[in-house]
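Chemist: Residue numbers (my numbering), protein chains in the order written: chain A, 1 to 194; chain B, 195 to 373.
Just to be clear, a hint being listed does not mean it is correct.
[Said to hold, decoys possible] Covered by chain A, according to a simulated footprint, are these stretches of chain B (three or more residues, beta-carbon under 8 Å): (1) 238–251; (2) 291–304; (3) 324–337.
For the record, the hints were derived by calculation from the structure and aren't laboratory data. Being a predicted model, the structure only gives us computed values, none of them experimental. Every residue, glycine too, gets a C-beta built ideally from N, C-alpha and C.
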Amino acid sequence: MKQGGSLNRRAAVHSLLHNRKETLVIAGLGSSAYDLHAAGDNEANFYLWGAMGGAAMVGLGLALAQPERPVLVITGDGEQLMGLGALATIGVQKPANFTLAVLDNGHFGETGMQRSHTSQGVDLSAVAIACGFAWLERIETLEEIGLRARIQMAQGPGFALISVEATNLERSLPPRDGVFLKNRFRQHLGWQVQ
Amino acid sequence: MGHALGSDLAAAGWQDELFGAVKRAGVRQILYVPDAGHSRVIQLVHEDPQFKPIILTTEEEGVAAACGAWLGGGRSVLLMQSSGVGNCANMLSLVANCRFPFVTIVAMRGEWGEFNPWQVRMGRATETILELMGVSTFRCDTPESVGPTVEAALETAFSADQALAVLLSQKMIGRKVWK
């Protein structure tokens, strides 16, 4: 029985965001948001605290509105499973500046580490490819995170399946005020708060 | 799934009014699950390079994408049928929590000359679900009200950070006719 991968998720996200340059980042609820926050809070981060299944689509709307900026969505297997149809929608739009990185631990970590579909035979990366994503990386070790360059190259949509340990780490809590997060993000892109 | 073509839709000049209002408001992303009541607008946005039409597998995808578009400075509209409103309920908490501007235009089913009982329950619940989740509703019962109502909804949403739904009544759209 698969129990997630062997990669530490914090180290993986930290490595993914090293020298992030102009990348705009959306994080799905739960551990993915904590991982993004732990890697360093940033005005160009937008954290979801709910809206499960919506992270990739927030990223799509953003990527289409900001075609010159790389957009990276970081989320978990459970969050993406709830938004499986989004892979088809993104596959039709084919935003070149879009990368979806799924931290796959095969479990629902926030709710007591129940097994998810991906530890029972479902392969999200195969779904993404079947939906028309332009590139795929399956990452098992830190050395394999050569993604940083690909995220910047705008030859997507790209899909990275990052196998991480099924462990709950200490929470690193981003701000919960949605209006603050929205305004901070938009100000970063040059819009004044009205 | 939607209203059939071939009913009195052909004479629906209100669809062109709706399209014009959306175009003048500077909307780019048109997020939609098809409905025959929206068919002309969907056709028009596909023919106009101002728009990026985005077909969805389920309506809540459009709620999330609308929020992402606004984060990036873009304007969007979500087109759907009343049955899709139920699919959106939890995702609308994203709109409410972050006070995102949001406009959806909903073709109503289950309220006027409906032949399909499976449409009725959700049709009756549509307005209540939207209001419960913080989306105010404007109802259009006449063709001449559509253009001004959509224009007002767009202005209010994008200038005052409000979430609004324009409900197009089934009586106005024309009941579904199977031929």
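Chemist: The structure should be examined with respect to each hint, and the outcome stated for every one.
Modeler: The hints, checked one at a time:
Using a Cβ-Cβ cut-off of 8 Å, 5 residues of the stretch 238–251 of chain B lie near chain A, which meets the minimum of three, so the contact claim holds. A stretch counts as covered by a chain when three or more of its residues have a beta carbon under 8 Å from one of that chain; for the stretch 291–304 of chain B and chain A the count is 4, and the coverage holds. Proximity of the stretch 324–337 of chain B to chain A, defined as three or more residues with a beta carbon under 8 Å from a beta carbon of that chain, is not established by the 0 residues found.
Violated hint: 3 only; the structure is consistent with all others.
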